[in-house]
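A.B. asks: Read top to bottom, the protein sequences are chains A and B. Quick note on the numbering used here: the first sequence kicks off at 14 and runs consecutively. Quick note on the numbering used here: the second sequence kicks off at 14 and runs consecutively.
Quick caveat, the hints were computed from the structure, so don't treat them as lab data. One should not assume that every hint holds.
The list treats identical chains as interchangeable, and a pair is accepted whether it falls inside one copy or across any two copies.
What the hints assert, rightly or not - BS3-like mimics (lysine-lysine), calculated; alpha carbons at most 30 angstroms apart, straight line:
1) K54 <-> K315
2) K54 <-> K299
3) K190 <-> K315
4) K315 <-> K202
5) K202 <-> K54
6) K271 <-> K315
7) K54 <-> K94
8) K94 <-> K299
9) K202 <-> K190
Number of protein chains: 2
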Amino acid sequence: MNSPYILIVGAGGVGAFFGSALARQGARVAVVCRSDYEVVKRDGYSIRSPLLGDHTFRPHDVFNAASQCTVAPDYVILTSKVLPGADRAALLRPAVHPQTVILLIQNGIDIEPQIAAAFPDNELLSALAFVAIGRGEPGSVNHQSSGTLTMGRFPSGITPAAQRIAALFEASGVGCKLVENVVGARWQKAAWNTTFNPLSILGGVLDTGQMLRTEDNQAFVRQIMEEVCNVAAAAGHPQPPQLIPNMLQATRAMPAYKTSMAQDYEHHRPMEIEAILGNVVRAARKLEIGTPALDAIYAIAKMVEAARG
Amino acid sequence: MNSPYILIVGAGGVGAFFGSALARQGARVAVVCRSDYEVVKRDGYSIRSPLLGDHTFRPHDVFNAASQCTVAPDYVILTSKVLPGADRAALLRPAVHPQTVILLIQNGIDIEPQIAAAFPDNELLSALAFVAIGRGEPGSVNHQSSGTLTMGRFPSGITPAAQRIAALFEASGVGCKLVENVVGARWQKAAWNTTFNPLSILGGVLDTGQMLRTEDNQAFVRQIMEEVCNVAAAAGHPQPPQLIPNMLQATRAMPAYKTSMAQDYEHHRPMEIEAILGNVVRAARKLEIGTPALDAIYAIAKMVEAARG
């Protein structure tokens with residue numbers, strides 16, 4: 014397999030960015046996109062990136078549904094948002110063949126089991142993206158900073174298929190760290206994501222600088238992170254004691270950042286409240302871990318979401 | 014004392030409305046106002062009211078500080094917001110003489126002790142206003158609905174001075190219910206105020222309809238109200254079991270309402286977070302009552318406030 018065929022499903026900014034990186038290494042990268050289909054089919058993606066340079070990415074094929082893909086892909090990468098009521102397995106199914114490896118590049122906790130159950134005979138990889146990408150005009154992608162992946166087999170392990178695609182990412186300049194315990198890595202990211210994403214929509218859009226402005230604010234952020242880490246530990250993924258101070262310090266050191274959920278809120282797009290927050294709260298209930306701050310934040314986030322209609 | 018001299022300090026919309034009601038009954042009603050001073054001095058207040066009719070209220074005297082009042086008032090009524098750092102006693106002091114009765118028409122919990130300590134020899138009355146008043150141009154008052162007071166001596170009792178001013182309110186058409194236990198009444202109002210006011214600023218301004226939109230939303234609102242009632246009970250002011258269902262039902266039945274805190278938030282005015290919410294949380298800590306939802310809401314409200322700078 015010298016030139017793997019890779020189908021990216023739900024190719025918004027994140028899918029286009031990582032897809033373009035793979036295409037530069039010779040992979041045949043096709044995309045399934047809906048809202049930007051006409052533009053991308055005609056012109057490709059216009060990508061601005063400090064890491065990959067400003068360039069146009071012309072996918073090998075452009076589809077508006079996975080069923081249009083007549084090749085059996087080596088990899089199917091799902092980069093859509095994880096939203097209640099969206100049947101992710103159905104999105105992928107027409108393109109998943111016996112040898113196809115499925116890779117999820119998605120946010121949230123407990124997002125793999127549904128896909129694992131739908132495709133029990135396929136290898137499933139799970140990845141966390143650390144990347145800031147803004148959305149602009151249809152077909153245009155504004156990569157702002159970072160651009161690395163943490164990846165592993167679900168539920169654990171590192172496989173040849175993971176190593177193969179990781180090598181392509183690494184060669185392109187996009188870092189890709191392979192980990193034995195990707196679920197633990199997902200919990201680690203949740204300590205940040207589950208804290209800052211929901212908080213950022215609860216006050217008419219707050220950035221990280223605003224959320225950490227006072228000592229009281231910082232103490233509250235620390236409490237939320239501790240609750241997430243308590244759930245992670247009960248779920249079998251204890252986090253290192255330095256995680257929270259390190260994350261707080263790193264977040265305060267970086268320029269004020271508007272989370273993906275805040276961006277979705279501002280642009281009246283669906284928000285990943287369930288994947289990022291609801292699933293953590295549900296895990297806490299199942300494991301009988303108290304999460305009073307998360308519970309309240311979840312309730313208020315749902316109120317905000319319902320108010321948008 | 015056929016024509017009592019009543020000085021209203023901090024006479025915004027609430028002060029002007031209740032002051033006008035007293036003036037119609039023959040009281041000499043003077044006001045201390047700052048931001049609207051010039052307009053009110055020249056033209057009086059232009060009041061639109063379904064209860065009192067549309068009319069102009071020309072105060073007996075218009076001051077921009079209590080120190081300008083050379084008469085010894087029979088009553089001083091404080092209608093300002095209760096904000097940290099604002100010395101309410103200092104606002105009143107120049108106008109408080111040995112026989113002056115002080116009446117607070119203000120929001121919040123535990124707002125009397127500071128005034129009682131500052132004026133230990135004066136009679137102190139405390140009142141809750143149930144009234145919706147919007148602010149417009151300087152000197153104009155838009156009374157929207159309701160317009161009643163619940164009043165009593167602090168810390169308890171009903172006095173002749175309370176009866177006298179209550180009779181003036183009643184005669185004017187503004188209901189004024191006298192209660193033996195005004196602190197208990199304040200806790201009862203807090204079940205509503207401490208719930209809906211802070212929540213209404215946590216999602217880019219939510220009205221009561223939005224806060225009660227789904228079953229989940231309603232369950233959360235109920236939880237917050239229960240926490241307030243638990244603190245009230247521990248403070249010696251148990252509320253009737255039907256309070257919460259009745260309040261929820263009444264709130265759902267009324268047109269969607271934008272709380273005073275939401276209005277302050279929208280207009281970038283200081284918010285009564287400490288008087289309405291912070292004091293309840295502090296009472297809970299002192300009484301060792303758990304209030305997980307209130308704690309989180311308080312922390313987020315402070316984050317929102319700090320973010321406004």
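A.B. asks: Hints first: check each against the structure and report whether it holds.
C.D. replies: Status of the hints after comparison with the structure:
1. K54 <-> K315: Classified as neither: same-chain Cα gap 37 angstroms, cross-chain 48 angstroms, threshold 30 angstroms.
2. K54 <-> K299: For K54 and K299, the Cα distance exceeds 30 angstroms both inside one copy (45 angstroms) and across copies (65 angstroms).
3. K190 <-> K315: Neither. Shortest intra-copy (34 angstroms) and inter-copy (38 angstroms) distances fail the 30 angstroms Cα cut-off.
4. K315 <-> K202: both (22 angstroms within a copy, 26 angstroms between copies)
5. K202 <-> K54: Cα proximity of K202 and K54: none, with 34 angstroms in one copy and 61 angstroms across.
6. K271 <-> K315: For K271 and K315, the Cα distance is within 30 angstroms both inside one copy (20 angstroms) and across copies (19 angstroms).
7. K54 <-> K94: For K54 and K94, only the intra-copy Cα distance (22 angstroms) is at most 30 angstroms; the inter-copy one is 60 angstroms.
8. K94 <-> K299: within (24 angstroms within a copy, 45 angstroms between copies)
9. K202 <-> K190: Answer is within: at 14 angstroms inside a copy they meet the 30 angstroms cutoff, but 56 angstroms across does not.
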